[in-house]
Amino acid sequence: IFFSCIECFSSVNFFLSLYRFQACVYFASVFQAMSCGIHYLASVFMAVTPNFVCGIPGNVSSVLFYNSSESNIEDIWTLWTSTENYIVVRLENGEIWELNQCSRSKREVSLDLAYEYKGNKSIFSCSDGFLYDDTKWKSTVVTQWDLVCDREWLAKLIQPTFMLGVLIGAVIFGDIADRLGRRRVIWFTSAGQFVFGIAVAFTFDYYSFVIVRFLLAMVSSGYLVVAFVYVTEFVGIKARTWASMHVHAFFAVGIMVVALVGFLVRTWWVYQIFLSIATLPFVLCCWMLPETPFWLLSEERYEDAQKVINIMAKWNKVSTPCKVSELCSVQQDDLVSGRTGDNDTSSAKKHNILDLFCNWHIARRTITVWLIWFTGSLGYYVFSLSSVSLGGNEYLNLFLIGAVELPCYVIACIGMDKLGRRNTLIPFLILSALICVLIMFIPQDFNILIVLANMAGKFSIGVAFGLIYLYTAELYPTIVRSLAVGSGSMMCRAGSVVAPFCVYLRSVWIFMPLLLVGIMALLSGILTIMLPETLGKPLTNTLAEATEMGRSKKSCSGKTTPAHSGAALEKIEMFCQETVSTEK
1 IFFSCIECFS
11 SVNFFLSLYR
21 FQACVYFASV
31 FQAMSCGIHY
41 LASVFMAVTP
51 NFVCGIPGNV
61 SSVLFYNSSE
71 SNIEDIWTLW
81 TSTENYIVVR
91 LENGEIWELN
101 QCSRSKREVS
111 LDLAYEYKGN
121 KSIFSCSDGF
131 LYDDTKWKST
141 VVTQWDLVCD
151 REWLAKLIQP
161 TFMLGVLIGA
171 VIFGDIADRL
181 GRRRVIWFTS
191 AGQFVFGIAV
201 AFTFDYYSFV
211 IVRFLLAMVS
221 SGYLVVAFVY
231 VTEFVGIKAR
241 TWASMHVHAF
251 FAVGIMVVAL
261 VGFLVRTWWV
271 YQIFLSIATL
281 PFVLCCWMLP
291 ETPFWLLSEE
301 RYEDAQKVIN
311 IMAKWNKVST
321 PCKVSELCSV
331 QQDDLVSGRT
341 GDNDTSSAKK
351 HNILDLFCNW
361 HIARRTITVW
371 LIWFTGSLGY
381 YVFSLSSVSL
391 GGNEYLNLFL
401 IGAVELPCYV
411 IACIGMDKLG
421 RRNTLIPFLI
431 LSALICVLIM
441 FIPQDFNILI
451 VLANMAGKFS
461 IGVAFGLIYL
471 YTAELYPTIV
481 RSLAVGSGSM
491 MCRAGSVVAP
501 FCVYLRSVWI
511 FMPLLLVGIM
521 ALLSGILTIM
531 LPETLGKPLT
541 NTLAEATEMG
551 RSKKSCSGKT
561 TPAHSGAALE
571 KIEMFCQETV
581 STEK
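Per the working numbering, the sequence shown starts with residue 1, numbered consecutively.
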């Protein structure tokens, strides 16, 4: 896993853009993203439903399954092939019972022990519990609380309720991070992942399990959202694209850890403890992470900002660090010039979600972007959650599904810089749709080919899912940029909530999840053709400029509205970049 992670960061430009201080902060922060990947996908093994039948109302003397006769039921599970199967048992008192998954029947005539019986039978419910196949898993939450038959729907709610917590956590902690600072939220969410992760293993019933997992989802999502902001505010301009993209790579390493721990530990609560321990190293050292200078400056805490800048300069061996007073004077000059501009009324206006639909061009762009966010998240989790049902070794399947993400983000970064955002997004969306169709035509006996095709699907949807973050920010003007990215992220979370239900449609038709993902990906790819390319173009500042970017290469007005606050931030960022420059 370590060498795979290192390979993910093999870009020379990326390493050259990170200096000592930024590198330490970056890798310390994104290390915890592995825990997010761990908890997001932990349920694929923790909530497994093994083969099962109704419990036996007495001591067994002999067991019959088709033509195989055994002395105990444990020896029968290797022969079990379908949920329609049943087991015939003879009790010590001579009674003969047929054990189905959700019912059991007593034969009225107990003579010979035969598998086929056409006489009268009395049907009973599973009042004595259930017998589970423990050859793979000694214990899961399903076997712990009998989440089968009429309680099966409770098991199917485990992952959707977690994803609902992910949605709510992203909203809550994103806002708190803007108010209280990034570092405090990182402290709290990191500790929360460890505490709630361990607490899940010691829950006493299903409902406490779901509630604690919901809280775990909130802090995991909160950390992931704030970590993106935290690292991008530290690494500087040159490495920003690569740094933000490769937070996803550490998330993928977390998925690989789930596969490894699932293979080694087969009791669900022990499995959960081992997964949560991965958080502990960061919890013990996260208190050393500094607050970002950007947030400190925005809160006018100039002395604290200067301390952080001095530490950065010391670590990076810069003899003349920049002064906060210079940054403040730059910002104040821009604000003064902004007040004398002719567009201050528009910049002071408060904007809302309706501004993303202010005209036909922007509305069409918003619908397309939202669809891409939703499709990317839906496809990402459908491929991940379905990997354990592909046949063959489910642990290896999940490991490979996680590993294939590592190179996909490198390809995404290279494609964005060389081909452009749109020209990279379109082919990979359409390719993922074609792969979904291709998988439907692969015979079910070809397990290796099916796994490879699913890896290709995860790769292609991963590229699209990774680059949409930056592309969205570039498609919208400054005045609604955060609103656009935030609303897109909400659609992403909605896709993650829907994904588990989509996977459950395999019971209706085995290819139903792939069909839905393929249709959504194809539609998204076609609509993306109408989006403008943003590579090499300056960020827009007004809705009028954003509209013109989609209609022509040159603005009809021929005049660009200055973004005073944006210019100030750009100058501040240039100063911060100078503090880590080793050139004199």
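Keep in mind the hints are simulated off the structure, nothing from the lab. Mixed in with the good hints there might be a few duds.
Claimed, not checked - With beta-carbon atoms standing in for the labels, derived distance ranges:
| id | residue 1 | residue 2 | range |
| --- | --- | --- | --- |
| 1 | 135 | 95 | 49 to 59 Å |
| 2 | 393 | 95 | 36 to 46 Å |
| 3 | 75 | 156 | 48 to 58 Å |
Stated by the list, open to error - Pairs of lysine-lysine, DSS-like flavour, derived with a Cα cap of 30 Å:
| id | residue 1 | residue 2 |
| --- | --- | --- |
| 4 | 121 | 106 |
| 5 | 307 | 317 |
| 6 | 121 | 136 |
| 7 | 156 | 138 |
| 8 | 418 | 537 |
| 9 | 136 | 118 |
From the three backbone atoms N, C-alpha and C, an ideal C-beta is built for every residue, glycine too.
Do the hints match the structure? See the list:
Under the hint 49 to 59 Å, the C-beta atoms of residue 135 and residue 95, about 27 Å apart, miss the expected range. Range check, residue 393 to residue 95: Cβ separation about 40 Å, and the 36 to 46 Å hint holds. The hinted window of 48 to 58 Å between residue 75 and residue 156 is violated, with their beta carbons roughly 30 Å apart. A distance of roughly 5 Å separates the Cα atoms of residue 121 and residue 106; the hinted pair therefore holds under the 30 Å criterion.
A C-alpha spacing of about 15 Å is found between residue 307 and residue 317, which places the hinted pair at or below 30 Å, so the restraint holds. For the hint linking residue 121 to residue 136, the alpha-carbon distance of about 33 Å lies beyond 30 Å, and the restraint is violated. Taking the CA atoms of residue 156 and residue 138, the gap is about 20 Å. The hint holds against a cut of 30 Å. Only pairs whose Cα atoms come within 30 Å are accepted, and residue 418 paired with residue 537 is accepted, the gap being roughly 14 Å.
Of the pairs offered as hints, the one joining residue 136 and residue 118 is violated, with about 35 Å between alpha carbons and a cut-off of 30 Å exceeded.
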